[in-house]
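Chains as they are written, first to last, in my numbering: chain A, -8 to 295; chain B, 2 to 241.
Wrong hints could be hidden among the right ones.
[Stated by the list, open to error] Among chain B residues calculated to face chain A with C-beta under 10 Å, some are: (1) Ala6; (2) Lys47; (3) Ala77; (4) Phe78; (5) Leu91; (6) Arg215; (7) Val216.
[What the hints assert, rightly or not] To be clear about the criterion: a stretch of chain A counts as covered by chain B if any three or more of its residues have a C-beta under 8 Å from a C-beta of chain B, and this derived list gives those stretches: (8) -6 to 4; (9) 199 to 211.
Just so you know, the hints here were simulated from the structure itself, not pulled from any lab data. In this text, a Cβ means the ideal position worked out from N, Cα and C, and glycines have one as well.
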Amino acid sequence: MTAWLTRHIQTLIGSLGRLSKQKLATFLTMLVIGIALALPACLHVVISNAQRATGAWSRALDISVFLKRPTSVEEARQIADRIGKRRDVAEVELITAEDGLKEFKRDSGFGEVLDALNENPLPHTIVVRPAPDYASAEHLASLAESIRELPSVDIVQLDTGWVERLNAILTAVDRAVVIATAVLALGVLVIVGNTIRLDIQNRRPEIEVVKLVGGSDAFVRRPFLYSGVWYGLGGAVLAWVITSLAVAALKAPIGRIAALYGSQFEVTALGLADAGRLLLTGVALGWLGSFISASRHLRQIEPS
Amino acid sequence: MIRFAHVFKRYPNGREALRDVTLDIASGEMVFITGHSGAGKSSLLKLIALIERPTRGQLFVNGQNVAGVKRSKIPAFRRQIGMVFQDHKLLYDRTVFDNVALPLIIAGVRTKEIGKRVRAALDQVGLLGREQAVPLELSTGEQQRVGIARAVVSKPPLLIADEPTGNLDPELSLEVMNIFRRFNEVGVTVLIASHDLYLLERFPVRRVRLEEGRVVDEATELTADGPLLDPRKLLERERE
Chain A
-8 MTAWLTRHIQ TLIGSLGRLS KQKLATFLTM LVIGIALALP ACLHVVISNA QRATGAWSRA
52 LDISVFLKRP TSVEEARQIA DRIGKRRDVA EVELITAEDG LKEFKRDSGF GEVLDALNEN
112 PLPHTIVVRP APDYASAEHL ASLAESIREL PSVDIVQLDT GWVERLNAIL TAVDRAVVIA
172 TAVLALGVLV IVGNTIRLDI QNRRPEIEVV KLVGGSDAFV RRPFLYSGVW YGLGGAVLAW
232 VITSLAVAAL KAPIGRIAAL YGSQFEVTAL GLADAGRLLL TGVALGWLGS FISASRHLRQ
292 IEPS
Chain B
2 MIRFAHVFKR YPNGREALRD VTLDIASGEM VFITGHSGAG KSSLLKLIAL IERPTRGQLF
62 VNGQNVAGVK RSKIPAFRRQ IGMVFQDHKL LYDRTVFDNV ALPLIIAGVR TKEIGKRVRA
122 ALDQVGLLGR EQAVPLELST GEQQRVGIAR AVVSKPPLLI ADEPTGNLDP ELSLEVMNIF
182 RRFNEVGVTV LIASHDLYLL ERFPVRRVRL EEGRVVDEAT ELTADGPLLD PRKLLERERE
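Isolated chain A, as found in the complex (with noise of 0.2 Å):
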């Protein structure tokens, strides 16, 4: 057991070693696997950065509640009560006709327009601010149903349409994420594949010693493995590194946009697990594809 497992960390090292000899090669191979697998990795971070930012958005709607006119400004204060007393609701705030006029004049600049009204045409509002927990579309339907029977209640506002038609987007960008990851991958396969097979090719004559000496099929497979796992390796802490930048260098405007719009808002970089699948899945790749390179080909080497 000890020797088995002294042979496969020797091979391991050994075949690291045997890349470091030809480290331009073996960069290179790393890049292109580092660029297919930062591809995905990239717009997995835009994705779950755009999750997070209309997730912030969600929890931001209001519902504007309209009374029927006339309705009293006690009346009004009553129902305010009812809808604040609600489990899924945080926050409510009346704001009666006349404030709302006062308000309307103050910023419209229709001011002296409106003074020519002989009654205010405004109604009284409510708006209430969903719990955060109840802040998914669907309880806010609920919730502005619920409003909607209320007595006195006009018109109910809630517009969760954009947020669903930006999370159908979003979806849908997910969808085409899985696409290309399975693509990118393929052409992971792929070139792990084919710069394994030109190492077979080269090392012909020590293939057929190995065989001669009673090499299995297994042993002979083995460095070639490593060396996929190498090459799998080092291509994801290059795509790691890549989308590490990306982010890095896209943080600082991406913050004054969100400034501009007043919000907090400020992307995150892979997170640790993230990155940890990232690397497991850049080593599965390798190693499959040196896998199925290796069994093609050291079966067709045999020695004469």
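Once you have looked at the hints, place chain B on chain A.
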């Protein structure tokens, strides 16, 4: 140890390398296969090492019918045979130690044990102390001895050598042959293909002559000096 029963070998290009070869080699024997180039010597050895398979006839090696050895079992089969080649077939990017250790690594021997056995094998061929050299730093004769050390390091019961002295001068050839003889003396069956008759005449062992793929002559000749010759004395006599 080895039994050929009416073995034929025809290559895909139509060349008939062996025709109706019947041959018995007992365990512990030392045998020279002689004949001109192309007489079938190499083919004979290739069949024994399962590098090629007989077209017809039966071949038993170490009690095993080679026809029953599946492709996946060939590596294990070859591990019981030590092979020496005219061109050494060493791995030139590795040290002498790593070259000799290869069969042991393949067999899964423990690291500590490997060091001991590699040094013992190198000692037997007179190369102890050269473990860390790379093959290209060695002379042809020394490279051949590394090849022999690699062939015997796992203590196989059978040693086959294809023109092991082909590239060596007479003195080195004699030295290499003596190494083979010493292994034979401790019970290893040794089979050497060679057309170097000048050399073979100095060793009193059984020889099998092939001609156009057939066994044409078998003789066990002893030289006048008896079976155990000191190579140095032989060389001195040559010079006189």
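Status of the hints after comparison with the structure:
With 10 Å as the threshold, the beta carbon of Ala6 of chain B stays out of range of chain A, its nearest partner Cβ sitting at about 25 Å, so the hint is violated. With its C-beta approaching chain A no nearer than about 8 Å, Lys47 of chain B sits inside the 10 Å limit, and its interface hint holds. Interface hint at Ala77 of chain B: satisfied, since its Cβ lies 7 Å from the closest Cβ of chain A, which is below the 10 Å cut-off. With a cut of 10 Å, the hint placing Phe78 of chain B at the interface with chain A holds, because the nearest CB-to-CB distance is about 8 Å.
Interface hint status for Leu91 of chain B: upheld, as the beta-carbon distance to the closest one in chain A is roughly 8 Å, under 10 Å. Evaluation of the Arg215 of chain B hint against chain A yields a violated restraint, the C-beta minimum of about 23 Å exceeding 10 Å. Against a cut-off of 10 Å between C-beta atoms, the interface hint on Val216 of chain B is violated, since the closest Cβ of chain A lies about 24 Å away. Coverage of a stretch by a chain is defined here by at least three residues with a beta carbon nearer than 8 Å to that chain's beta carbons; for the stretch -6 to 4 of chain A and chain B the count is 4, and the condition holds.
Proximity of the stretch 199 to 211 of chain A to chain B, defined as three or more residues with a beta carbon under 8 Å from a beta carbon of that chain, is established by the 11 residues found.
Checked against the numbered hints above, the structure breaks hints 1, 6 and 7 and satisfies the rest.
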